[in-house]
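Visitor: Here the sequence shown is numbered in our numbering, starting from 1 and rising by one per residue.
Calculated from the structure, these hints are not laboratory results.
Be aware that a few hints might be false.
[Unchecked claim] Pair by pair, the computed Cβ-Cβ distance ranges are:
id, residue 1, residue 2, range
1, Asp64, His121, 17 to 25 Å
2, Ala103, Gly67, 31 to 39 Å
3, Lys84, Thr63, 18 to 26 Å
4, Thr63, Gly114, 28 to 36 Å
5, Asp57, Ala103, 15 to 23 Å
6, Phe145, Ala32, 13 to 21 Å
7, Ser52, Gly114, 31 to 39 Å
8, Gly67, Pro90, 19 to 27 Å
9, Ser52, Ala32, 30 to 38 Å
[As the list claims (entries may be wrong)] The calculated EDC-like cross-link candidates involving lysine to aspartate or glutamate, where the alpha carbons are at most 20 Å apart (straight line), are:
id, residue 1, residue 2
10, Lys68, Glu37
11, Lys84, Glu37
12, Lys129, Glu96
13, Lys136, Asp64
14, Lys28, Asp147
15, Lys84, Glu96
16, Lys115, Asp127
17, Lys68, Glu96
18, Lys129, Glu44
19, Lys136, Glu120
20, Lys28, Asp127
21, Lys84, Asp57
22, Lys143, Glu37
23, Lys43, Asp147
Glycine is no exception: its CB is placed at the ideal position from the N, C-alpha and C atoms.
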Amino acid sequence: MRKLLVLLSALGLAGALYAADSFSGTWKLNVAKSKYESGPAPKETTVTVQESKGMTDVTVTGTDGSGKPIATHMTHPTDGGPVKFLEGGPTDGSTESIKQVNATTRDIAVMQGGKAVSTEHITLSADGKTMRIVAKGTLPTGKTFTDVEVFDRQ
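Produce the entire structure from the sequences given, and follow the hints as far as they go.
Guide: See below:
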């Protein structure tokens, strides 16, 4: 019985460690499976996530719907907290905060002038091969939107 408990504890710890970096890797936008109400879909987007020592480092590159380059680099505590933009972050006074719901779910809140302007709900598939982001918010015109982005692990 004791050996079984030790084995189960070890498996639980291994699962927790694996889940801690479940978002790590390179993700490519699957434009065909994604839907955008906020504007034209990007032509391509690659997201690289590296989790280490309690911090998550995210780099986003690609080309937007009008052909302009996308380049953003940010870090945040893996267990949730404020985002620190290192490159290509918002210049409009907005801030972002991340909350880790569980090993396969994270939520992002975007604030501007103390007012919530959008949210993102990020989930991983059970097999860890697909990341889905549902973004909801309000455009500067006052129109609400829901974007669904589907990324495939590379």
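Visitor: May I ask which of the numbered hints given earlier this structure violates, with the numbers listed in increasing order?
Guide: 11, 12, 16, 17
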